[in-house]
Every structure is written in C-alpha cells, then in structure tokens.
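What follows is the residue order along each chain.
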Amino acid sequence: MAQTAVVERTPRTESVVSPAATISGGSRITFDNVSVAYGALTVLESLNLTVNPGEIVALIGPSGSGKTTALRAVAGFVRPSAGRILIGDRDVTYLAPYDRQIGMVVQNYALFPHMRVEENVAFGLRAHGAGEEVIRNRVPECLAIVGMSAYAKRYPRELSGGQQQRVAIARALAPKPQVLLLDEPLSALDAQIRRSMLDELAKLHRDLPNLTVLYVTHDQSEALTLANHIGIMRDGRLKAFGESQSLFRHPPNRFAAEFLGRANLLPVTDLRPDGGQMARVRFGQAMLSARNHHGIPADKECLLCIRPHDFRFSRAAEEPNSISGTVLSVQWQGDVQNITLNIGGEEARMTSAPMANPPRIGETIAVHFNPAEVTLVPEDAGRG
Amino acid sequence: MLVWSKPWRLAAWALTVPLFLVVYGLPVGVIVLAGFSGQWNDILPSNMTLVHYSRAFHTDSYDALKASLLTGVLASAAALLCGTWAALALRGMRGPSKRVLDLLFFIPSAVPSVSVGLALLVAFSKPPFLLNGTTWIVLIAHFILISAFTYGNVTAGLARIPADCEQVAESLGARPFYRLRRVTLPLLLPYLVGAFSLSFALSMGELGATVMVYPPGWVTLPVKIFALSDRGAIFDAATLATILGVATMVVLLGLSRLSTKAMVR
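Residue numbers (my numbering), protein chains in the order written: chain A, 1 to 384; chain B, 385 to 649.
The set of hints was computed from the structure by calculation and includes no laboratory data.
Certain hints may be false.
[Unchecked claim] Chain A stretches covered by chain B per the calculated footprint, using a threshold of three residues with CB under 8 Å from any CB of chain B: (1) 71-80; (2) 112-125.
[Stated by the list, open to error] What the simulated footprint calls covered on chain B by chain A, stretch by stretch (three residues with Cβ under 8 Å from a Cβ of chain A suffice, anywhere in the stretch; the number is not a length): (3) 547-553; (4) 610-623.
C-beta atoms are modelled at their ideal positions from N, C-alpha and C, and glycine is treated no differently.
Using the sequences and the hints, build the whole thing.
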C-alpha cells in the first residue's frame, strides 16, 4: 500500500497519564546551567537553554559536541553533574526517566521486535496503566497520525526503515507526552525517505501545535526545515542559539557561520559605518558593503560572511560589491553547480543554477553579492 | 568460503567426511549397535536383540533416566534463574567490584567437577549442613557446575540487547519491573533458551561430581552407565548411553525450536 503523508488531523485531547501527574507550567524545557561530566571529562558544560511550549528547538553540532548528551539528560539517561533540568515548573533533574512524561524517538527506531506494531504503540499506554478502552481508541488514532493504520498487525521486521520510524513516532505520541525528544530520528534513512519524513514531521507538529520538541541532529537541513530555534554546539558548549532564519542569515560567530550553511568567511579590515546597520569594509583593494548585524565596532577584526548561493556572476568587475577570483573547481550536481574560487588567497564556494557553459578551471571571473544578504561576523568569537 | 575452486572443494569434502565418520560417527555407531547386540565377537555384532532396551525401561535404569532428567531440568532452571539475576545485577555495576564478582561467577567453570564433588562432601557431611546422602547435594553439585555457563550465556545475551529499546521503554513510562518483564526478558529469550539448553546438556552428561555425592535413591544415568560398564555389562551400558543421548537430543531440539522462534522475532 502506498504511503500517504501524515494524514488525519487529530485533536489534542486530555493527557492519558493521570491528571495529577500532568506537567504544571506548560511543557517548557529548561536547562539551567547544566553540566555533565564523566570523571574528569566534561561532555556538557554549563548549558543554559529554554525550549518554549509548542516550539521545536534543534540542537546541531559535530560528533562529540554534547547535543545527544543534552537530550539524554532531559530523558533522564544521563545525570547532570551540575545544574537543573526543568520540564514545565517541575525539576526533573533527579527524576527517573519513567516519571518524566516524555516521548522519545531514537535513530535506530528501537521498536520492540517481539511486539506487533499495535502492541508497540500501546506500550506506553499500558505502562501508564491506561484502560483497555483508552488503548483501543488511542492506538488507531496514533497510527492514523503517522499513516500506518494498515500495518497495525505487522511485526517491526516486516516494515521498511521509514515505516518503522513512523511507528516509533506513533509509539512516542501515544501516551500524549507534552515533550517529544527526537535523537537523530532520520539519520538511518536514505535521502529520499528522509526528505519525505522531514515533511511529515513538520506536518505532525502543525497537527500537534502544543507539543514541545527537542530535536538533535547533525544535519543542518533538518534543523533549518523543522526548528523554530537552533542551538549550535561544539565541545560540550552551546556556541550559538537563535531563531533559525536569523541564525542562518546572521551567524554570531565563525563556527556558527561555517557549521550552519558552510558560509564563506573572508577576512576584512577597515570597517566603517555606512548608515543604519550597513558598513563598508576593505577586502584586498576592494571596498565592499555588508550588513553589520552584530554592531561590530570600527576597530575590531571581522569576517565577511557570504553564503555560497549569495554570490552572483558579475557582468563587469566595476559592478558594486564585485570581487574577482580564479576558478579552482567546477562540480555539477544535477540541480546545482558548485564552483570553488580563489578570491584574494581565500578559498570560496559559490553555487549557481546549472550552466550550459560553466567557467573553466583557471579562468578569472568576477562575482558580486547583495550587501543586504551578507553579514559581518566578529573574528575572535567562536574560536577554540 | 575458504576454498573457491570446485575441484578443491570436492577434495576438501572427500577428506572431511571420512574423517568425521571415523572420529565422530564410528563411536556413536558402535554404541548404538551395541545396544541391539546379543553378542559381538566379530567385526559386526550378532544375535541382534531388544532385550537391553526392554531392561532399560523396566529396571532401575528407568529410575536413573528420570533422575537424570529431573536433575537436569531442576538444576538448569535454578542456574538459569540465578545466572540471569546475577547477569542483570552485574550489568548495572561498574569498576573493580563488577570485575571481582564476574570472576567469582565464572570460577565454577574452571574447577574440575571431581573437586566440586569432594568440596561438597566435605562441606555438607556434618551438621548443621548435613546434605550428604540426600538428593539436594546432587542438585547443588549440578547447579554449581553449570551456573557459570548459564551466567556467561545470559551476560553475552544482555550485551547484545540494544540499550535503546530498554531506554525507550523507560521513557514511555515503564517502571523497572515492567520493563524487565515486557522488554528485557522477551528480548533475552533466545539467550535464556540457549543457556538452559547448554546447562541441561552439561547436567545430563555430568559424572565427575555426581559419582562422589549421589545417594542410593538418586542414581543418575551417567553414574548407572559407569557402574554397568564397570561390571562388564557393556551392551546394557551402551543402551543407556543411547537413551541418554536421545533424551538429551529430544529436549535440546525442542528448546532449539523455541529459541529459533524467539530469534525470528
């Protein structure tokens, strides 16, 4: 049977868990100065972060950056060495995982192989002591949410990866948690299914707007597609946090710029205010305009952050904000063309629509950008 | 596949099959044939008969079979329970205490069965722990000898259970006992069945410790076989050896089917 996307809109009803156990203060997740250490090794350092009710916050970062540790600390599988974790107004730092009222979906689905799909979905309800009638109503409802109603009687081994992930999501949603933790939920899927699951997750959150989601991924496109806010982590620290679009357009530091969207960072000097948030900077012989979103003072070293897609071919080198570079490589990737340039000794990437006659390697070309689309990033912040 | 070319594969088979038949098949074949022999003075037995089988099921040999089966089942069940408990308890431990306890649980597999038998005789022959002459001392001997293997099997099984499954169960609200009952033990089932099978097979063939501690009313089949062959009743001993092998095989095949079913899930 062909899979449909998240299909049926399901109204959010009362929690399945006992009313006394529902979370007061909404479903906000608060990391209050949370550190996690294994002996002398600190894997998460003084994390302060709030995920507001109904919001999706994505934590991204390279391997070992502490993002999964942060999620597992909320789930209760990692005990902080310092700080507090709150869900709503409730301090859950020392609460057992089964008392936290969360839903969790992990990378390898972790469906119970000895249970059918419907039994998997009913697991949380039974664990909470829900009655058979509640289970009879809720299980089909959750399977419908993820478009898996037709697979209720199957065992996990009889499902594809994408289907298993849908069941894992249905299982996590069944007890109506107010907080959903997603730990790299799509990374085990192939690219095509990942894209479709991403759409479904976005739709799912539109259907369940009260659900607070903490989403851990190393894939920036997942974070940008789903999250309201993104936290970028490295070496156990939160290096940047902000509203997704703002963070992408105006990364606060070098690491955020490089990790989120692989921006080109050109070292510039001679920063001069140019009215409003705009500034003029010198790159080699060229004077360029850019947005000074972070208000970098005139005497400070900074970087010009240009996204690969913000470069455009110039008709003439005299065009404003135009710089010249030598083509180092040209890669055709179907729907885009990646061109690597040497601009004043710095390697820069640009992407463009596929061209019938792309520039040749070794050729010198002029490119320009819209100053409103590029931003200045402080040079010293975010290093180390 | 280590041998790729067809002629070499055939040569490998031509070497292996006769070797297997001589080393493994011949002794088993001789035992089975001896059970049906009235006389064996030539290369093959003569005067084929069922009298040894008739005797096996109508004398105290039958009691020995029952004693062996009961001892195997009870000792294996106890070892499975304790081995699983120990493995689950040690799984959550870290550091030197875990290593010491781990070693402790494995010690019985390194001690010769005769030493275990002697140790039990010495330990339980005087009040207040007077077990010598009772069935209990046989069961304890078997339990001690097989528990290390049970513990080892269950520990290996636990290491292969995905931790994510159990953690997700907890995140869904499953308290420890509920998680153990609904997730951990079902996932562990193939390893539990394997552990029980191994323990049962070991118990069915155990002689060294049993022969030192068995009471008159609880003679196991290996002890009976040993006694018969010691008296020169080779055909009767061979019959009992065949029955012992078949009984063990039947139980193991049943358990193996159960294990396969659990594995498929």
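*asked:* When the structure is checked against the list of hints, which entries are broken? Sort them ascending.
replied: Failing hint: just 4.
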